[in-house]
Amino acid sequence: MLWRALRLVAGLAIGIALWWSCGDAWNRALAFLTQPLVKLDARIAQTDLVAVGHTIVVQPLVASLPMATIPVDQLTYNVILLIALFASNRAPFSDRNMKAFAIAFAIVLLLHPIGLFISIESTYAHQQGAWSDHHYGETAQRLWVNGEVFYRLIGMFGVVFAAWWVAGSESATASRRRRK
Amino acid sequence: MALSRRQIGFLIRFAVLSVVFYLPIAIPALERVTVAPFTRALASASGATLRMIGQPVTTEGTVIRGSMFAVDIKNGCNAVEAVAFLAAAILAFEAPIVFRIVGAIAGSILLELLNLIRIDTLYLLGKYHRDLFDMFHLAVWQTLMFGAAVLIFLIWTRNAVARA
Chain S
460 MLWRALRLVA GLAIGIALWW SCGDAWNRAL AFLTQPLVKL DARIAQTDLV
510 AVGHTIVVQP LVASLPMATI PVDQLTYNVI LLIALFASNR APFSDRNMKA
560 FAIAFAIVLL LHPIGLFISI ESTYAHQQGA WSDHHYGETA QRLWVNGEVF
610 YRLIGMFGVV FAAWWVAGSE SATASRRRRK
Chain F
104 MALSRRQIGF LIRFAVLSVV FYLPIAIPAL ERVTVAPFTR ALASASGATL
154 RMIGQPVTTE GTVIRGSMFA VDIKNGCNAV EAVAFLAAAI LAFEAPIVFR
204 IVGAIAGSIL LELLNLIRID TLYLLGKYHR DLFDMFHLAV WQTLMFGAAV
254 LIFLIWTRNA VARA
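Chains S and F supply the protein sequences, listed in that same order. When the count follows the working numbering, it moves up by one through the first sequence with no breaks and lands on 639 for the last residue. When the count follows the working numbering, it moves up by one through the second sequence with no breaks and lands on 267 for the last residue.
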């Protein structure tokens with residue numbers, strides 16, 4: 460277990476380095492991937508998402524819409540935990556572990572646009588003063604705010620854990636079968 | 104990647120319990136009588152440990168204040184989310200119920216002890232290395248907390264499986 464903990468800490472360091480160095484590029488991709496989701500909601504459809512450093516700015520295309528800034532790095536750092544968990548597996552560079560990691564990584568990355576969309580909705584539902592009250596009902600406001608808080612506090616890590624646990628245990632089972 | 108019935112059962116229970124344990128954070132009336140007093144107690148304990156190592160700090164509610172820096176402990180920094188995550192994972196796992204409850208309580212205590220270290224180091228980083236504070240606050244410590252939760256879960260499951 461000590462070795463596992465050490466591998467976890469090493470994975471954590473690698474994860475932070477990757478997240479820090481690739482963050483801005485991923486934020487640009489994330490803005491592009493989330494744009495179609497934003498178009499689904501007529502209230503905020505007329506906006507452009509622009510990545511600016513560690514944030515994504517929701518730029519209105521019409522004067523009646525307020526602007527919003529989302530600290531997107533707070534929605535994406537779950538990849539660090541994912542890398543750390545897969546690094547903690549026995550034989551982290553084995554084909555099976557790398558394949559399982561690739562699948563889990565893809566799942567987590569695909570969830571980032573959803574997380575960003577929820578965060579944008581929550582911001583417009585709750586933090587834009589009179590505009591929020593005018594365009595979102597009380598239930599909708601609660602729903603989006605709770606959705607965002609749940610994603611940030613538990614969901615983004617729950618998904619990582621579930622993806623790692625399923626992919627990890629699948630790869631462990633397969634490797635046990637191969638040894639037999 | 105085909106999932107076994109056991110894995111699916113675990114994931115469903117884990118998801119449901121995560122939502123259940125999230126309720127004390129989500130419902131304001133419940134939060135006021137559960138999470139909020141706990142966070143204030145955590146701030147007091149963190150302030151006390153900081154004073155033990157010679158830091159002249161005062162605590163007021165959830166705020167730990169020194170002459171040059173102050174931290175306000177909010178949801179996300181009180182480790183309630185990591186505790187909820189660990190408790191959901193342990194309670195979702197197939198093992199004797201008493202073993203699950205003991206594991207969840209013991210694991211939660213360990214996580215909160217680790218969280219005391221987190222708060223104290225974040226205060227010290229904020230005071231002496233402000234440039235590193237944001238990275239440690241967001242990425243390093245939050246990931247470490249969940250990493251620790253997973254490690255505790257793994258140690259516990261190893262014992263649970265051995266016992267079974």
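Mixed in with the good hints, there may be bad ones.
What the hints assert, rightly or not - Derived list of chain S stretches under chain F, where covered just means 3 residues or more per stretch with a C-beta under 8 angstroms from a C-beta of chain F:
1) 496-509
2) 604-610
Stated by the list, open to error - Calculated Cβ distances over 10 angstroms to all of chain F for the following chain S residues:
3) Gly512
4) Ser547
5) Asp592
6) Gly596
Claimed, not checked - Below, a sample of chain S positions facing chain F; criterion: calculated Cβ distance under 8 angstroms:
7) Leu492
8) Pro519
9) Leu520
10) Leu524
11) Met526
12) Asp532
13) Phe620
In case anyone wonders, no lab produced these hints; they're calculated from the structure. None of the values given here were measured: they were computed from a predicted structure. Even for Gly, the Cβ is constructed at its ideal location relative to N, Cα and C.
Unmet hints by their number, sorted upward, for this structure: 1, 4, 7, 8, 9, 10 and 11
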